[in-house]
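All chains, full assembly: derive it from the sequences and hints.
Each protein sequence line maps, in turn, to chains A and B.
The working numbering numbers the first residue of the first sequence as 1 and each following residue consecutively.
The working numbering numbers the first residue of the second sequence as 1001 and each following residue consecutively.
Read the hints as simulated data drawn from the structure, not as lab findings.
Among the hints, erroneous ones may be present.
[Unchecked claim] Cβ pair distances, simulated, as ranges: (1) Leu1019/B <-> Val152/A: 42 to 50 Å; (2) Ser371/A <-> Ala1156/B: 48 to 56 Å; (3) Leu477/A <-> Lys1176/B: 51 to 59 Å; (4) His494/A <-> Ala1156/B: 23 to 31 Å; (5) Ser1184/B <-> Trp486/A: 46 to 54 Å; (6) Asn1040/B <-> Ala10/A: 44 to 52 Å.
[Unchecked claim] With a cut-off of at most 25 Å between alpha-carbon atoms, the simulated BS3-like pairs for lysine-lysine come out as follows: (7) Lys1176/B <-> Lys1127/B; (8) Lys252/A <-> Lys1132/B; (9) Lys254/A <-> Lys1132/B; (10) Lys254/A <-> Lys1176/B; (11) Lys252/A <-> Lys1127/B; (12) Lys145/A <-> Lys1142/B; (13) Lys1142/B <-> Lys1132/B; (14) Lys145/A <-> Lys1132/B; (15) Lys1142/B <-> Lys252/A; (16) Lys1176/B <-> Lys145/A; (17) Lys1142/B <-> Lys1176/B; (18) Lys1142/B <-> Lys1127/B; (19) Lys1127/B <-> Lys254/A.
Even for Gly, the Cβ is constructed at its ideal location relative to N, Cα and C.
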Amino acid sequence: MSAVGYVMGALFALGTSAGMCAATIFMLRSGQPHLLEFLLWAVFLFWQLVPLLFEGFSPGLNFREVARYPVTLRLYLLLNAAYGVFDPAALTALLWLLSIWIGIVAIRPAWALPAAGLLLAFAALNVFLNRIIIGVFERFQSTRKGRERVVVVLLILMLVPQMFNLMINGLIRVPWAHMPPWTLNVVTGVRHVAPPGLVLESLVPGTNTVLVPLALLAGYLALVVFLQVRQLRAVYLGEIYAESFQVQRELKVKPGWQLPGMSEFMSAIVEKELRYIRQNARLIVLLVNPLVLCVFLAFAGSAKQKFGFGISGGIGLLGAFALLLAVSVSNLSYNTFGMDREGFGRWLLSPLPLQKVMRAKNFAQGGLITSVYMLGAPIILYVRHVPLDLVVAVTAAFFAMLIIHLGAGNLFSVYWPKRIEFAQMNSRMASSAAGFASLLVLLPTAAAIGAVILATWLLKLNWLPLAAGLAGLAVSLAVYSWLTDWAVRHAEDHLEEIAGALGV
Amino acid sequence: MAEIVVETVALRRTFGPLLAVDDLHLRVEQQQFYGFLGPNGAGKSTTIKMLTGLLRPTSGQIRILGMDLATNTVAVKSRIGVVPEGLALFERLTGAQLLNFVGRMYGLSREVAAERTAELLEFMDLKDSADKLVADYSHGMKKKTALAAAVIHGPAILFLDEPFEGVDAIAATTLKRLLQRFISHGGTIFLTSHVLEVVERLCTHIGIIRQGRLVASGSLEELRAGVKVAGHEQAALTLEEIFLQVVGGTKQDAEVISWL
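Shown next, in the form of structure tokens:
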């Protein structure tokens, strides 16, 4: 982490701690101590989730490696706990607990001692629980499949804030008032057995005795200590968790795909590309994202308010979906050799001109995006009415944008090739330079679309979207050909640099 | 006289100020097992990259199977098989999918590609791992897969860059069996290796490169005849002795680290 990062982190920790202290004082002064549970939940979730996200983005010290050094088991256990305490997220959470305690002491001095004991136990519980979770995480990280699955889980977790954002903006309505009663029972039940609730019940006894929550809290603490010791002992004794091979008895090699109307090599490349994409769950999540958003928006009642009623609502949604999808092809095409990595050398060794390889790859990439469009568009058309001529116009514009993006992607792929690391959360699908250069594609296409919409609206030229869409499609084919030829010429002159960047 | 299948004329390659290959004149005849030797950084890999189209020469000419590589790139590539330095494998395919795919890239029909894939996996002892991703293979398994990918289309010449590096004895035996079979069926092999014993046992002809220049070339007997080492007038020289004599650079005891 840079110095600026440390300063920002420290400011965040101090600022939020002051907030925690103020909130505690307010809650106790206003006679609502039960609200403290919200603060404890915040501490608990922050402590358990944030280090995990950091670990996913940039793996830190792997404690499986530390066990290989000449340390005793006891020292290894201590080092592990200390590492857990001095994690930046843990330090922040500890500061929060201290702030809550200061708030308690300021308003209810009599609670000082029991609160200190309970918050310390809560802190210890968090440290050990978090180290167990990180340990399981490291275990996953030690295999290729595990690492890739972790990346997918983290990506899905990252979609959650997007959904919250849609809810906050009123695009998705959650009928809280109509939630079935059992959901409330579940939430109450969880509160009564989860550590934050137990700490609060031990500190602020309600109708029940404090003995039950205290005993449960002590039980949890004993359990996490036991599990942590067991987990670390196994690692210390040399537990190996690696890729395992399932022996196959009989070898049957299926012939590859033969796609209708395609040559042998073209079918083979399309098959290879789709197999690559299928095995990259992270990419699938990125590609499915526009479809998920489209389905949410199509069914969200309030989407009408955002996009207008009736026809304009439907066409707005279809247009937005088409635009989002056409842009999302950049995940595949802006670094078309990035997933091949050292395999790029195989294209150079093969008796296929690079142009044919690029076209076949583009066919697979475009075909996949088109399939997603074909899945999402009927859903929108089912929910919202859109006139046929506008559907054709948007679809033609979608293909035009897609084709231009594929051509531009070929060029960016050879100008700024980037080796993709599948199991690294922070490994981008294309280089930053390609991301910036994409503006050269996005801005003119957005301007053209804007001009067509404006002209249609101002001059009442209802035929214009369809004509512009079809003309755009014709132009896009010429632009694609020009960009791809340019890409091939550049690639042939810079083969070594491209191969070097991809790790051949 | 046998047909010359690999020929370079005044081949030269520079990387900025560094001269990697200089005025290289190579001639390899059909069915020769040609071992291309040299110390680290001598220009072996650069040469093999130029011969296989992975790297463009700065100047000079390359003729493969009588065709100029610069003007007949596609035709040449369809007749050669290569195991490059980095192996160049699509690691996110299974072993079976990879071989099948490579076969089809070279124009084999789906059925023939599948059939040859099965045979090669069986021969290379990769049958049990045929459905595992290449990314999960060991280094030796990857080498065997790369060799299988190089021969699946039945090339006329094989270019192998350090095929035995990091390979265990069992895998090495399998590779050698395949290479000898390839030669006996009329193929030609151009191989670079650091393992002199392997080269001595397998190769019929040897070229030695130093600082980008070919300093010795011929059959092992020809090299032995051309190199005289004091104290070895009667006994036949080993390839290692010839190599060290031609390349030089061995350190005397006095030059060895003093504290060791």
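Here is what the structure says about each hint:
no. : hint                               : verdict
1   : Leu1019/B <-> Val152/A: 42 to 50 Å : 49 Å, holds
2   : Ser371/A <-> Ala1156/B: 48 to 56 Å : 42 Å, violated
3   : Leu477/A <-> Lys1176/B: 51 to 59 Å : 52 Å, holds
4   : His494/A <-> Ala1156/B: 23 to 31 Å : 30 Å, holds
5   : Ser1184/B <-> Trp486/A: 46 to 54 Å : 47 Å, holds
6   : Asn1040/B <-> Ala10/A: 44 to 52 Å  : 50 Å, holds
7   : Lys1176/B <-> Lys1127/B            : 19 Å, holds
8   : Lys252/A <-> Lys1132/B             : 13 Å, holds
9   : Lys254/A <-> Lys1132/B             : 15 Å, holds
10  : Lys254/A <-> Lys1176/B             : 28 Å, violated
11  : Lys252/A <-> Lys1127/B             : 9 Å, holds
12  : Lys145/A <-> Lys1142/B             : 18 Å, holds
13  : Lys1142/B <-> Lys1132/B            : 12 Å, holds
14  : Lys145/A <-> Lys1132/B             : 12 Å, holds
15  : Lys1142/B <-> Lys252/A             : 20 Å, holds
16  : Lys1176/B <-> Lys145/A             : 33 Å, violated
17  : Lys1142/B <-> Lys1176/B            : 16 Å, holds
18  : Lys1142/B <-> Lys1127/B            : 13 Å, holds
19  : Lys1127/B <-> Lys254/A             : 14 Å, holds
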